[in-house]
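A.B. asks: Sequences listed follow chains A and B, in order. The first sequence begins at 461 in my numbering and counts up one residue at a time. The second sequence begins at 461 in my numbering and counts up one residue at a time.
Worth double-checking, as some hints may not be accurate.
The list treats identical chains as interchangeable, and a pair is accepted whether it falls inside one copy or across any two copies.
Stated by the list, open to error - Taking lysine-lysine and the DSSO-like style, the derived pairs with C-alpha atoms no more than 30 Å apart in a straight line are:
id : residue 1 : residue 2
1  : LYS477    : LYS580
2  : LYS472    : LYS675
3  : LYS483    : LYS580
4  : LYS477    : LYS680
By construction, these hints were calculated from the structure, which means they are not laboratory data. Just so you know, these numbers come straight off a predicted model, no measurement behind them.
There are 2 protein chains.
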Amino acid sequence: MKKANFERKSMKYPVLKNSPIFKGVREDELDDLLHRSNYKIRSYHEGTVVALADDEIASLMIVISGEVRGEMVDMTGKRIKIEDIRPPMALAAAFIFGPGSRYPVNVVANVDSEMLVISKGDFMRLMQSNATVLSNYLSVVCSKAMFLSGRLRFLSFRTIKGKLAHYILNLPLKEENRVTLDKTQEQLADYFGVTRPSLARALASLEEAGLINAKNRNIKIIDWEALIRLTHD
Amino acid sequence: MKKANFERKSMKYPVLKNSPIFKGVREDELDDLLHRSNYKIRSYHEGTVVALADDEIASLMIVISGEVRGEMVDMTGKRIKIEDIRPPMALAAAFIFGPGSRYPVNVVANVDSEMLVISKGDFMRLMQSNATVLSNYLSVVCSKAMFLSGRLRFLSFRTIKGKLAHYILNLPLKEENRVTLDKTQEQLADYFGVTRPSLARALASLEEAGLINAKNRNIKIIDWEALIRLTHD
DNA sequence: AATAATTTGTATCATATGTTACAATAATGA
DNA sequence: TCATTATTGTAACATATGATACAAATTATT
Numbered sequence: 461m462k463k464a465n466f467e468r469k470s471m472k473y474p475v476l477k478n479s480p481i482f483k484g485v486r487e488d489e490l491d492d493l494l495h496r497s498n499y500k501i502r503s504y505h506e507g508t509v510v511a512l513a514d515d516e517i518a519s520l521m522i523v524i525s526g527e528v529r530g531e532m533v534d535m536t537g538k539r540i541k542i543e544d545i546r547p548p549m550a551l552a553a554a555f556i557f558g559p560g561s562r563y564p565v566n567v568v569a570n571v572d573s574e575m576l577v578i579s580k581g582d583f584m585r586l587m588q589s590n591a592t593v594l595s596n597y598l599s600v601v602c603s604k605a606m607f608l609s610g611r612l613r614f615l616s617f618r619t620i621k622g623k624l625a626h627y628i629l630n631l632p633l634k635e636e637n638r639v640t641l642d643k644t645q646e647q648l649a650d651y652f653g654v655t656r657p658s659l660a661r662a663l664a665s666l667e668e669a670g671l672i673n674a675k676n677r678n679i680k681i682i683d684w685e686a687l688i689r690l691t692h693d
Numbered sequence: 461m462k463k464a465n466f467e468r469k470s471m472k473y474p475v476l477k478n479s480p481i482f483k484g485v486r487e488d489e490l491d492d493l494l495h496r497s498n499y500k501i502r503s504y505h506e507g508t509v510v511a512l513a514d515d516e517i518a519s520l521m522i523v524i525s526g527e528v529r530g531e532m533v534d535m536t537g538k539r540i541k542i543e544d545i546r547p548p549m550a551l552a553a554a555f556i557f558g559p560g561s562r563y564p565v566n567v568v569a570n571v572d573s574e575m576l577v578i579s580k581g582d583f584m585r586l587m588q589s590n591a592t593v594l595s596n597y598l599s600v601v602c603s604k605a606m607f608l609s610g611r612l613r614f615l616s617f618r619t620i621k622g623k624l625a626h627y628i629l630n631l632p633l634k635e636e637n638r639v640t641l642d643k644t645q646e647q648l649a650d651y652f653g654v655t656r657p658s659l660a661r662a663l664a665s666l667e668e669a670g671l672i673n674a675k676n677r678n679i680k681i682i683d684w685e686a687l688i689r690l691t692h693d
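From just these sequences and the hints, can you work out the full model?
C.D. replies: If you want it as structure tokens, here you go:
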């Protein structure tokens, strides 16, 4: 027996169902929305430029296939990769509707890639016509703002011990007074924006001061009060 | 002759016309929008709590009259003021629609104040029905994200000289190679998150190294290349 | 012009962190 | 099990910055 009878017309870009912006929209509805939104598909060969830093942001662009990267170029021409963006994520989603919004970095295709492109105006109309998309997009932008705000507060701790205390206190408790670091010291140091030996020193210092017991990545919290105090410097 | 003939029904809250969220909406339209949005007015006496840190954000709140402040309370009970919020600004506007969004700080009335309150759901419907409000709000949130992102990048400069170089290079040119600092060293140091003497030292150091000539707040840029190089550390 | 209040320039000292290097330990794979 | 690699613990030193203090210079006010 052929399955054809049970098949419905498949989505053009099924990956969009999982995108932060379109998730929760019914398939047929999504097809319809897109169709009315004047979307375009643009293809980029490996290594070609998708957008240049300081280019004005004219559209919402979502990676459909392949992979692109954001990168900065310093004076000497050296490239610094910022992040990879894979399907079904969008470029600079939280910046699109800012006044005079421009791409903060260069965007280059890591491999042959396709982007779904919807102009700002069309996308705004799309949000007006579909509450789910509006809600999704607001969630994306607000999340980004919250993330950035949190990161900013985190970096505003002066000392490494302060950052470390904050980090430890926000780790999930394994058991009574025990947490486990989820990154290597190397990764943690990078996350903190400090060097690895300095981080190790801070850990040792917390232990020497009797605030914690650190055995490999397992940490037993001894003095909660003092740890909390460190996050208030 | 009486003026009454020429008077039209005045707006209930004219201050809203200048709010980032409602600006550009015609008066009668705004009245109508508000009326359909189930808005409420809440009054707060001086010193009373408008919202507590970690309270869930249930509504958009706009200061109509008076003044409120965001403040953190540290362990010892000491209060640290974050910012004052005056009419017609909103509370935590960029956080409202984040998943599980909560107030990041306590909000307290500085003086007797009134707040316009619209529930998240009602405000979202309002945005769907009015393109100007939608556009305004998106602009507010995206601007915030851009601001935070820029601030983050700024703070990621390790050295004070790096921050200073970046700051100087982004100042508007008065004339050929000349810029003017728009803040006192005190304010600048605060903005950089460093101490005032350290900032002065950094300035002196740049001058001694021959990158700039600093006379009071007037700065003459001598070595553009070297300044730019400092922003790439 | 005289005086007061801010703002700026410096100095000294303590400390946190970066830098580099190497050994010790743990994790991984043959 | 052994060997290899990755991770962690420390050390020594240089440097940037914080903290504090005070004098000089500038700006505001009378």
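A.B. asks: If the cutoff is 30 Å on CA atoms, where do LYS483 and LYS580 land: within, between, both or neither? Let me know, please.
C.D. replies: Both: 19 Å inside a copy, 20 Å across copies.
A.B. asks: At most 30 Å between C-alpha atoms: does LYS477 with LYS680 qualify within a copy, between copies, both, or neither?
C.D. replies: neither (42 Å within a copy, 55 Å between copies)
A.B. asks: Is the C-alpha distance from LYS477 to LYS580 at most 30 Å within one copy, between copies, in both cases, or in neither?
C.D. replies: Both, since 20 Å and 25 Å are each at most 30 Å.
A.B. asks: Within a copy, between copies, both or neither: which one fits LYS472 and LYS675 at a CA-CA cutoff of 30 Å?
C.D. replies: For LYS472 and LYS675, the Cα distance exceeds 30 Å both inside one copy (52 Å) and across copies (64 Å).
Violated hints, in rising order: 2, 4; the structure is consistent with all others.
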